[in-house]
Amino acid sequence: MKYLIISIFMSVWFNAAIAQKDILIKNGTLLTITDGVKEQTDILLSNGKIKSIGKDLAAPNAKIIDAEGMFVMPGIIDAHSHIAIDAVNEATNPVTAEVFVGDAIDPYDIAIYRALAGGVTISHAMHGSANAIGGQCETLKHRWGESNPKAFVMEDAPRTIKFALGENPMRVHGEGKDIAPRTRMGIEQEFRRSFEGAKRYKQAWASYHSGKTKKPPTYSLRMQTLADILDGKIIIHCHSYRADEILMLMNVLSDFGVNKIVFQHVNEGFKIAPELAEFGAHASVFSDWWAYKFEVYYSTAYNAAILSKNGVITSINSDDAGLIRHLYHEAAKTQRYGRLSDNEALKLITINPAIQLGIDDRVGSLETNKEADIAIFKNHPLSVYAIPQMTIVDGVIRFDINEDMDDMRMEINPEMMLPAFYEQNEGHEDKCMQGVHTDHHHNHHHSHSHHQH
Amino acid sequence: MKNLLFIIASCLSIVAHAQMVEKAQKGPFLLTNATIHTITNGLVEGDVLIEGDRIKQIGKNLSSDQATIIDCTGKHIYPGMIDGGTKLGLSEISAVSLTNDYNELGDFTPHMEALTAVNPNSVNIPVTRTNGVTTVLTKPSGGLFPGRAALIDLFGYTPQSMYAGFKGQILQYPSTGRRGRWDRRKDDEIKKDAEKAQKKLNDFWNKCKTYAAIDSASAANGGSIEQYNPQLQAMTNVLRNEEKLMIRVNKKEDILSAIKFINEQSIDAVLVGVVEGWRVADSLVKYNIPVITGPILALPSRDSDRYDAAYTNAGKLHKAGVLVAIQTNENENVRNLPFNAAFAANYGMGVDAAMEAITINAAKIFGLEDELGSIEEGKRANLFVSDGDPFETKTQISHLFIAGFKIPMENRHTLLNDEFLERFPSNH
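So the sequence lines, in the order shown, correspond to chains A and B. If you use the working numbering, the first sequence corresponds to residues -3 to 449, in order. If you use the working numbering, the second sequence corresponds to residues 3 to 430, in order.
Isolated chain B, as found in the complex (with noise of 0.2 Å):
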């Protein structure tokens, strides 16, 4: 009887156990004797202190009375990895359509805000986070002004607490491409519609000059502009220059009229895809123009172009002097970063030049360098303890601290696994 109730009581006990949600912990966290990859300062063999959302101190024997200690002997520290590029929160299965919130009607919608629409609570932000990605960009597309795209830390309950401190216009630069190998237009049609959506881009961008130069005349006068246009008004810290300008654009010819756009508006932008930069390499370098490109593990865009064409693009960019972030342009596989700057890193960029994409240079890109992209005191804690090099593919990723919190590294994918690896009862 004693023992029924003894199995009884651990039966329950599993039950509890397993209905138990993990959550995140908040600090301090002394993690100790890592190989510190900093990225800015070199390896560091040592501890790191985590205090509130920030890196409070690094170096070796620190301690802490407070702090959590966990030992990352034998283990690695990185920071986290920052794609440049997704769609993360604004779509859950990409066929279901009242899933995607990335793409408003029409083609000049540059007052809608990805932030908005991001929904903290995607199944595929934990199946991403825990591969090493703390932060990325996500962004809306379709028509040629889809809309301003926000960074995001991959933790929080609401997007203003994910919110990662960068925002940026988008414009979908007209493509004189295909759009893929279904697109069956002639191509004097496809010459047509490129100069249609350019001649679209163009009046647009006259109203948008007209428009900020009233409203600033009104503000002089301390009014405000009377005719309001919410899409007109959402562009003016673009041609102010306080706000970045990220210009996705692909074939090299397309690339070479963005960097005549970018020079004659003199505006502050970013090149975004860039998928034929190669060919132009020396045109973004004397024009200072930075790039974050991807994904990486593509096709070659043209049937002549060498088999490797998309992987080595990143590093002929960034051996020419250009300024490379990468991004996957994906949704549900961003977890597939890491990855996608391992190929860049092996034909041709490096693997320092790789890591540094996905990292600092993001950072940069975003005006960012002084709070994310490297281990460094002060500096947000969004980092990661890997038991070795987080691109090689069977590499196990065992802490993940973004903003200072220790978060689960639980998602469906693990669970699932937990599950089902050892199904029971097997046979029902």
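Just chain A, with the same shape it has in the complex (with noise of 0.2 Å):
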């Protein structure tokens, strides 16, 4: 009964939180990203999209935002993430391109939410890194509220793909399940083996097409993805750490005609980052994270700020639902190490990792006819000082720091008012392993043995 009345409660304060209204932030110092810094600037929202940026704007009905001393800015965009899905990682065989994290979307995962307190509208959810081709990946809108699955995926996205090198595979499979790929050479054959595979098998198809064989071939929704990526119909991203093996992956696309790439934590990309440039690969990389496994021990900080100064188009990511939450102070880290401009630095959460989920003429940038994902903050939003105040998908409110309850999950089990309480995980590891049963997480005394193997 009481589960009930909080469904209902929920329910209704949702449904007015959703009623679409046109929305007009006032005064506010917009931060264009694309169109640079406009002070006492407003900005009018209507049905979901940014329909004017001017002084003095008027609009009878909207709803009103003063914004009046703050900075507004377009919702970032996270092109790492694994929050808002119940499986991570089909680590069962070294290639899985079958698998689509888009069916295993978890509507009430509190980390959407947030993610949304922390100014994040969109994220890239993705497959894990235990295999060298893993699932593909869902971009997802945080429409914090829906119920249905489906409303969170953003519609006519791009479609992504994971891959995966080093460490992580050749634990998985070569460690723990004693086949290949153990070593970065054999991670290489993996993508070798699987395009050849994907040629022939689109021989196969055109031949049947054109009337050259009667039969049918037998269809493989894994053949058909590494088809399409032969394609260019699917972009690649990428988990890598050094930088032989991200020269290795460029080799094998150029070898196959493949150029939609980007490398994903690539901690190493600073060292190639004129190959990266003139492969036009793109990187998402971590502001500083490091030194948690051995093929991140010669790492920089100023990775992103290299690698931008080269002229490779880079993100910063979060691959953590804590970290997802304070990505504009992750960006102004590479003001620190490598002293990027304002806009350099908020690029790396914007409009760059919108190019590199192919959603760039959507959302990225405060622009008219652009979706209307908006964070507003007290305080600039590189200042970590920053407090994220409203952060707006589609035209809609889904977060507001003075409106919002503190509990705010959406769905409640009536014998657990008071949820459990979590340790805080020490230390920190990508987060691209969950779900392989490698005990690492479970037992340290485990997972030594386990390594010795």
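To be clear about the criterion: a stretch of chain A counts as covered by chain B if any three or more of its residues have a C-beta under 8 Å from a C-beta of chain B, and this derived list gives those stretches:
#, stretch
1, 107 to 119
2, 289 to 298
3, 375 to 381
4, 397 to 409
Simulated from the structure, these hints should not be mistaken for laboratory data. This one's a predicted model, so the numbers in the text were calculated from it and none came from an experiment. Beta carbons: idealized from backbone N, C-alpha and C, even for Gly.
If you follow the hints, you should be able to join the two separate chains into one complex; please do so.
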């Protein structure tokens, strides 16, 4: 009964929040990203889009938000996240191109709301890094309050897929299962074998469609997905750290005529910035994570700045439900480590990740006709004293520091009004290994003996 | 030909220069015309004279014949920041198990000394100190009594020369919470495990008491205890209130239980972590128990808590009247201590109180308020020079002094930047 009352209360509350009304944000300092900084300027949101930007705009029926003294920027975009999904790794084979993160969206994950409270409106929900070729990923809009998983999908966003190099696939398959790949040599061959197979799969279907062969080939979602990569229909987002393995994948992709690639984490990207720039590869990096495993021991927090200054389109990502809440602060670290300008730093969490996800024509800057994804800050978002005030997705207020309750859960178990307490995890590691049974999290002594195999 | 020789000579000198390793320098140093953030005596415009390992003098228009003068016009001087809890020096690469020295086998290893395993040459140390963190508590973890933590300055070539004057025994108090989201134990299993751990703690504690009593009696008779036990021996200082017990505890009920334990056993304790301290701030104030809380840049520990619960905890405790210091609980990123403090400042604590938390408050908790934590004459010269507020993300730190040594501002991250920002050759 209690559960029912709470459910009704929550749904009424959210329906009120979701009722579409034009919003006029008055007199803010607009950080447009693509068109400079506009002081004392208004921005009108209508039908989920930015309708106009200018001084002294009038909209008689709009909800007015006074942003005097506030900073208004495009919603922050995280190009690497694992929030809002129930499953991360299909760690059963070095190649699992057929699986799809979009099948595992969890609309009740409180991490979505917490990300909104950090100004983040879009996250790229990624498959994990257990496999050389992992599953397909989903670009999500943080429409917190919806209960249908599909409501979180960013409509018509380009398809993306997770690849992974280095220690994680080597550990899961080579060390963990005694099958290839156990080395970075073995990982290269996973890609070559897969793409050669996909070429033949494509030829077989082409031959059937042209009437040359009468019997259709056996359909395989895995092979079809790989064929779609060869056809440039899917953007590769590749978990990677070391310079040599990144060069390897660029060589493989060159051989198969593939060029849409964003290297993720890419801690040693700075060592091969000229090669990345020449290939047209993008980089999505941590601001300062390093040394938690051997392949990130030779890292530098200047990575994002070095890549940017060498002409590589770069973003800063979170990979983490905690970090995603202060990406604005992570972007600012490129000013301590590399002295990037305000706009260069802000691009790392707005238009650049949008480019990497293929959605830069729709989001990532304050421009008329773009989608109304907005974050409003007290104090400049690159200042350590910034406080997110309000976050708007498609013209709907999804976070409001002054109006929201403390407890913003959507799904409340009546027996757990005060839900479980979680001790803090100590130390960092990439979160791409969730759901892989290496015992790593569970017991240190077990994991140690495991590593010695 | 002459030109060629000149070019060759220039190249050789560049090579020679590039291979020079910068070393620490010994003073005296005179830092002039700075804004001095003393912490304990407000803002002072003037000079700081460093002699030996001490802050010799603070004032206007100071002079010194031997001192190297460093012009700090337009710059700021702050005392070195102190992290109340890290693994620095005890772990190099967390995923490489043989580089981890913080977790000895067994639940009762109070005889383990963190200082023994501090690697003075850890790559993580220069990366940390160049952000203005000069001093950290480095501590063992795992089990109930993982060992004795040690306060270290982040410069020195031996653990002993880094030792900064405080050691404390760690107790990881039995938790009734979940270890993380992956912890799938049933509620009654968690309860049973916690009860088991509590019983183990009580049994061990009683043994410690008996042992300490026998040890005292033996000493009074001029002898030493017959059945020497290194674990129990290591606990005697705590039982005699000669050493602080640092109790790591986070969940509300566990904090209350730990406070009860402290009072029943009348021990000198500080609570560490204290994630849900804000739920029991009145008890902490009532019993005058100091707290080292953090990390601040963390998630709330319950799904129902407000999104900023971890940001606001330190401020709530401070406002209630608790003596608060801050820890990152980090290893390779202890350099983020000022940002942790800044988030606490921004979410209720205020900038001055947050700065005190990572300087003088930490010094007070470690019993070193006459030695560390502020810019005062006679204190150890642990300080840094910055071009602005060290909490602010873009601020640059230009000079660093630890125990009077001027420390190079290089670290792995800056050196890689120097080499690769404009790589040569860029196509080879």
